[in-house]
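Chemist: These are the residues of each chain, in order.
There are 2 protein chains.
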Amino acid sequence: MPTIVVEVMPKAELLDPQGKAVSGALHRLGKTHFAGVRIGKRFEITVDEITDAVLAEVRELAETMLSNSVIEDVISITTPDSAVAGETH
Amino acid sequence: MPTIVVEVMPKAELLDPQGKAVSGALHRLGKTHFAGVRIGKRFEITVDEITDAVLAEVRELAETMLSNSVIEDVISITTPDSAVAGETH
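Line by line, the protein sequences are chains H and W.
Quick note: the first sequence uses the UniProt record's numbering, first residue 1, plus one each step.
Quick note: the second sequence uses the UniProt record's numbering, first residue 1, plus one each step.
None of these hints come from the bench; they were simulated from the model.
All clues stand as given, with none of them false.
Identical chains blur together in the list; that is why a pair holds if it fits in one copy or across any two.
Using 16 Å as the maximum straight-line C-alpha spacing, the simulated EDC-like pairs for lysine to aspartate or glutamate come out as follows: (1) Lys31 / Glu57; (2) Lys11 / Glu44; (3) Lys31 / Glu49; (4) Lys11 / Glu63; (5) Lys41 / Asp16; (6) Lys41 / Glu72; (7) Lys11 / Glu72.
Treat the numbers as computed from the prediction; the structure is a model and nothing was measured.
Pulled out of the complex, with its shape left as it was, chain H reads as follows (with noise of 0.2 Å):
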């Protein structure tokens, strides 16, 4: 069955704390080279069919339960499993 992948990520202004915890770590590891850290998630959706109904509601479901926007943005949707590999919607 198809997927689409969904990306969220925290707004770039908003402090991210788990991403800031995990580029501290590395710093005290020595790897002064990775500036920063953020740390987003990713949803994989499988859906009987990839049609543009479904797709115009995975937008709006990603707007609203799967990402939280006073804080995070949806940074793409795609279809790794389209015709076109990594078609972006």
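Chain W: place on chain H using the hints.
Modeler: Chain W in isolation, oriented as in the chain H frame:
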């Protein structure tokens, strides 16, 4: 500064409680054409420069620090900013 994107997903054969929760909620909303949802992590690592050595280091970090190899797989390491968009390493 260039970024390296690391994507980590739960191993396919393992139960993904978060994903199950979202997919249950979708079904309760009547959206039964969504067969399943899996939720993983997306890391954006900002580096001074992208070199083969840095990429090798990011791969090692991805396997050891950014994912739990018992329950998760590193599914891709890409450099969206580099000359060839979405180069996968």
